[in-house]
Structures are given as C-alpha cells and as structure tokens.
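Asker: These are the residues of each chain, in order.
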Amino acid sequence: MLTGIEAAFFYLFAFVAVASAFMVIAAKNPVHSVLFLILTFFNAAGLFLLTGAEFLAMILLVVYVGAVAVLFLFVVMMLDVDFAALKSGALQYAPVGALVGIVLAAELIVVAGGYAFTPELAATASMPTPDLAVRSNTAALGDILYTHYVHYFQMAGLILLVAMIGAIVLTLRHKPNVRRQSVAAQVARTPATAIEVKKVETGKGI
Amino acid sequence: MTTALSTSLSLLGPELILAVGAVALLMIGVFSAEQRANRLVTGLSVAVLVAALLWMWFYGRDGYAFGGAIIQDAFGRFMKSLALIGSAVTLFMSVGFAKSERFDKFEFPVLIVLCTLGMMLMITANDMLGLYLGLELQSLAIYVLAAFNRDSLRSTEAGLKYFVLGALSSGMLLYGISLVYGYTGHTGFQEIALALNGSERQLGLVFGLVFVLAGLAFKISAVPFHMWTPDVYEGAPTPITAFMAAAPKMAAMALTVRVTMEAFAPIAPDWQQIIVFISIASMLLGSFAAIGQRNIKRLMAYSSIGHMGFALVGLAANSETGVRGVVLYMAIYLAMTLGTFAVILAMRRKEGNVENIDDLAGLSTTHPLMALVLTIMMFSLAGIPPLAGFWAKWYVFLAAINSGLYALSVIGVLASVVGAFYYLRLIKIMWFDEPVGSFVPVAGELRVVLAVSAAFTLLYVLIGGPLGNMAEAAAMSFF
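As you go down the protein sequences, you meet chains W and R in turn.
Under the numbering used here, think of the first position of the first sequence as 1, with each following residue one higher.
Under the numbering used here, think of the first position of the second sequence as 207, with each following residue one higher.
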C-alpha cells in the first residue's frame, strides 16, 4: 500500500490523468484536446515513476509526447477538418464506447488478476525482473538487450536505416531554383559588399 | 545455449559483409560525384554481394550463433547462394535501364544490398523473432524499390499497394507467431518442435500455424494471397520486377521450408493439407489466369504464381526428396526467371522500353538470337524435356508420388499442360507473326545474362549431377 507522500502523489497524478483524459474528448477545440492528451501522458509517466518503472516513464514521454502527440498536433493544425460537425452526433455512439471500455477493463482485470491468483506464473518468465534495489529497470533491460538480443537489436536498427533511406529517396527533391539561406555567407558580408554609399548633392534631383 | 560473441560473429560472416558493405556504400554514394555515383555504387554492390557469396562458399561453417537465434547449415548456404546470385545478377542487368529511364540514384543498389541482407537473415533465422525481423527488413526495402520511379503514377501505386498489403500480411504473421508462442511457450524453432512433440495437438496452435503460413504464402505470392503480384509486377520498374521475381522468392520459400520442416515437423499432417491446398490453387490460377494477359510483366507474375505452386508440391511431400525437389526447383526457376527478364529488359525501342506481348511479333526475323533465347526459356518454363524446367517439375512430382500424393501430382501435371499454352503462344508470336518494328541492339550486360541462363537451361542435363548432390546435402539438413 502507498502511504504518506507517495500516496499523495499517486492520487494527484491519478486524478489529473483521469480529469485530463476526460477533457480530451470533452474539449471543443481539437488543439486543446491534443494538449490535454499530452497532460494525460505526463501524469501516466508520473504514475510509472511511482511504481519504479523509470524506463517506461521516459519512453512514454520521449515517444508519445515527443513524437506521437506532436504529430497529432501537426495533423490537427494542417488538415482543415470541421471537428464541430464530426462531434455533433458523438453522443449516439456512447453505448458502443461504453461497451468497448467495459471489455477493455475486463481484459485488464483478467490479465492483472492472473498474476494475483497464480503468483508462481511470474517465475516462468524466461528473463525475470531483477530486484529494484539491486539493478534499475533501465540497466536490467540493457543487460538483456545488448547481450541475448544484440542480434535482433542490430536487425531492428537496420530496418530503421532502410526506412530512413526510403523516406529520403521517395520524397527529397533537389529543386534548382530554391534560394536557401546560407548563414556563413550572410555573416561574412562586410559593409563594403553590403552597402553602397552615394553622395547626393542638393538641388540636382534624385 | 550461450555462445561467445566472437564465435557468433565468425559464423555470421556473409551477413556482416553485407551489413558493413551497405553502410559503407551509402557513404561512398553520398560523397562521390553525382553523375558517377550510381555506376560506381552499383559496381561496388555487385562486388559486395559476390564477396559474401565467396566467403560463404570458402569459410562457411555449420553451427548456431547468438544463443540459437541463427543457424548456419547446408540448406541455408544453398538458398543464400541463390538469393545472392539473384540479387547480383539483377543489379548487373539494371545498369543500362536505370540510366535510360533516369532513375539512376545510388540508393537503388544500396537498397538492393540491404534487401539481400534481409533475405540472408530470413534464411538463417532459427527463431520466430529473427524470422519476422528479417522478413520486415527485406519487405521494407522492396516497398521502397517498387515505388522507386516516383514520378511514374504506376510505380508509386505499385509501391503503395504492396506496402499496404504487406503490412496486412505482417499483421497476420505476427498474430500467428503470438498464438504459436502462447501455446508452446517458445519462439525458437527447435524449442517449438520439442514442445509439440510431447503434447497432444491443440486447436489454437493450428490456428497459429495457419496464420504463420498465410503470412509466408503472401511473400511467395501463392494463391490465395497472390492478389498484389500482377499489379505490383506491372507497375514497378522492370529491373525491380526482375529482382522481386527472383531473389526474395528464394528467401521466402527457404523460410517456409524451414518453418514447416523444423518448427512444425511434429504436426506435419496439419500443415501438409494447407500446403497441398495452396499448391493446387496456385498451379491452377497461375495456368488459367495467365492466358488472357497482354503485358509480359503481368504474364510473368502469373507464371511465378504457378511456379511457386509447383515448388510447393515438393514441400507437400514432406520427405527428403521433396525438400531436394523444392531446392532444385528454386535454383532452376531462378535461372529461367533471370533469363526471361533479361529478354524483357532488352525489349527496347528508340522511344523507350515496351512490355506488351504483341511487341515481340516477328522477333525471329529482327533479333534471331534473342528470339532463340526466349524460346528456350519459354519451353523450359513450360516444362519441355530435356530443358531444365522439365527436370525441376520431374523432381517435385517424383517426390509427391513417392509420398502417395497422387491427386496432387495429377492436378499439377494437368495445370502444367494448360500453362504450356501461353508459353507456346509467346513462341508462336515470335516466330510466325509479322514484325511490327525492331528493337535497339541488346546491351552488353544483358547479352552475358542471356547467354549464361540459356546455357544453364539447355545444358542442365550435364551439370544437373553436381547441383543435385548439393541439393541433396541441403535437404539432409532436416533429416
């Protein structure tokens, strides 16, 4: 059980997470929705930290806030979608949403309950989680990832390399008439090359 | 099973050559002069592929690496040789085409090398995890390659279509793998086989097996997972179509053989019926659907669907001769495919490449040698003795009959008779129709490929012995 300051933080994170998750679907402005989603992610990361899963917390922030949520933000701002019209009939789908929610909750309970009812199940894991006091999560993951699974780790890296090459090959175009900013050239300008001084005499016209 | 890192790395020689080579080539391509980059990197890529091949032949050892994640054996070496040869030859053939169609970017050979690396890792995979990662590396490179000519609408359509369907098939494969893992508790092939040996068969596991085979059948474009093949083959630039028809098929077929013969060996009757069904459906569809085709790349797509069906006949036999038949079939299919695509690449008029079957009319009077080679290829694809294609079919049907699969063999022979129709129609158009115009002279690199593949197909009776012995050794890996 959580006590004292840990409990206080748990309830703080949990309350803000639930409240902001509700605001994601309730907010009128889709940009606000995405911002509330980011707040939810932050609080979920806080909950992970409280349970000692610091790696998950960091990954959640890096991947979901850093990449996914920002991508959402781009999509929402770039695409001209009339979200008010989309939302007008949303309430009639509430029963379906509730059903999906109940199924999801039931599955979560079954998964978590399985470990609660048969504690020996945890011992069958091929790579058991080491004691948190001895080895942190991140270090323990690294222990496995860079030894047993180094081969797969490298393969995954190659797949990402192919994805990167592919994205560049298929989209990069070298247009001849684009004027790119050249910082070095701008900084290297001197008054002699940039300014022309003219002596304008009076009464002669410009 | 823990192995020292140095031992593991030494077993992984050819794959390391490709991985390091691809990264180095990328750097060379970026920093060399733009107009020479493609030619330089293509040449070096072929050199890297050949280096990997030679390393494998001279220094290749058997064994397990990375705690059983990787297996090196005679079967893997044979299939990897085929994949490497397929990749190297298609790269070699692409030089002139890439230049004339103006997509001569240096990323093209680099992606081919990375794709080949994916195939090698597929063939060496001894674990579901490695299987999936290898497959994904290979597929991702091909998605990009199919859309490589990005200014052509059909090429981008081909890339997108293949990508979406490929993602779907990856999903099915992963779902199957997760079910298999759930029911056996393992992802390693040997461990799965051990877990299946003792226990009685569970329904959920068969579900997993079906999904895994569906994912693999997509990659070898076997019916009913063939829908993408004609469109993608037609839309992709021709050298890439040649590549897709040749090399990745080797890897996917090798993987199918390894998964069924190794991981699911204890439940052979279950996968045998699936393979028999896929095989019959592919042979029939490949034969009948090709009849109405006007585009020679689409024709080759249906032809490859049919040939995958014939190759699977050998796998359905579930015997040593069956695996030997599959391995030999793939080797001969590779030679025939490369030869045929060399002709397709040579179908070039002054205004550009053409790919309609009618453009071949009267080829015997305008280009007698090219017509002769294509005739040999078509007779061989149809399975006329004594050409190589006949022996390929002979091995797989012999194995099927030895295993008592009479119905499958009869349907297969009938399908090959139907298939002979469209191959012979091509020959008729070349030799008996009026010429409609002449092609430009055949490029030097295509001449080499034409000569070698024609010689292989014609003289297979002479060199079949040593090749058969190698295939025999490859098949022994599973028994």
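If you are wondering where the hints come from, they were derived from the structure by calculation, not from laboratory data.
Virtual Cβ for every residue (Gly too), placed ideally from N, Cα, C.
Among the hints, a few may not be true.
[Said to hold, decoys possible] Partial list, derived from the structure: chain R residues whose beta carbon lies under 7 Å from chain W: (1) F272; (2) A275; (3) L335; (4) V642.
[As the list claims (entries may be wrong)] Pairs of lysine-lysine, DSSO-like flavour, derived with a Cα cap of 30 Å: (5) R:K367 - R:K305; (6) R:K634 - W:K175; (7) R:K634 - R:K556; (8) W:K198 - R:K311; (9) R:K367 - R:K311; (10) W:K175 - R:K367; (11) R:K305 - R:K556; (12) R:K311 - R:K556; (13) W:K175 - R:K556.
[Stated by the list, open to error] Derived list of chain R stretches under chain W, where covered just means 3 residues or more per stretch with a C-beta under 8 Å from a C-beta of chain W: (14) 399 to 408; (15) 430 to 439; (16) 476 to 483.
Asker: Now tell me if each hint is right for this structure.
Answerer: Evaluation of the provided hints:
1. With a cut of 7 Å, the hint placing R:F272 at the interface with chain W holds, because the nearest CB-to-CB distance is about 4 Å.
2. Because the smallest distance between the Cβ of R:A275 and any Cβ of chain W comes to about 5 Å, under 7 Å, the interface hint for this residue holds.
3. Annotation: interface hint on R:L335 holds; nearest CB of chain W at approximately 6 Å, less than 7 Å.
4. The criterion of a C-beta within 7 Å of any C-beta in chain W is not met by R:V642, whose closest approach is roughly 36 Å, and the hint is violated.
5. Simply put, R:K367 and R:K305 have alpha-carbon atoms about 26 Å apart, close enough for the 30 Å limit, and the pair holds.
6. Between the alpha carbons of R:K634 and W:K175 the distance comes to roughly 49 Å, so the proposed pair goes past 30 Å and is violated.
7. With a C-alpha separation of about 25 Å, the suggested pair R:K634 and R:K556 falls inside the 30 Å cut-off, and the hint holds.
8. For the hint pairing W:K198 with R:K311, the CA-to-CA distance comes to about 51 Å; that exceeds 30 Å, so the pair is violated.
9. About 23 Å separates the Cα atoms of R:K367 and R:K311, which keeps this hinted pair within 30 Å; it holds.
10. Note on W:K175 and R:K367: the hinted pairing holds, with a Cα-Cα distance of about 28 Å set against a maximum of 30 Å.
11. Only pairs whose Cα atoms come within 30 Å are accepted, and R:K305 paired with R:K556 is accepted, the gap being roughly 14 Å.
12. As the CA atoms of R:K311 and R:K556 are separated by approximately 23 Å, the hinted pair is consistent with the 30 Å bound.
13. Between W:K175 and R:K556, the direct Cα distance comes to roughly 29 Å. Compliance with the 30 Å bound is thereby established for this hinted pair.
14. A stretch counts as covered by a chain when three or more of its residues have a beta carbon under 8 Å from one of that chain; for the stretch 399 to 408 of chain R and chain W the count is 0, and the coverage is violated.
15. Residues of the stretch 430 to 439 of chain R with a Cβ under 8 Å from some Cβ of chain W number 0, which does not satisfy the need for three, so the listed coverage is violated.
16. A count of 0 residues in the stretch 476 to 483 of chain R with a Cβ less than 8 Å from any Cβ of chain W is obtained; the coverage claim is therefore unmet, three being the minimum.
Hints 4, 6, 8, 14, 15, 16, counting from the list given before, are not met by this structure.
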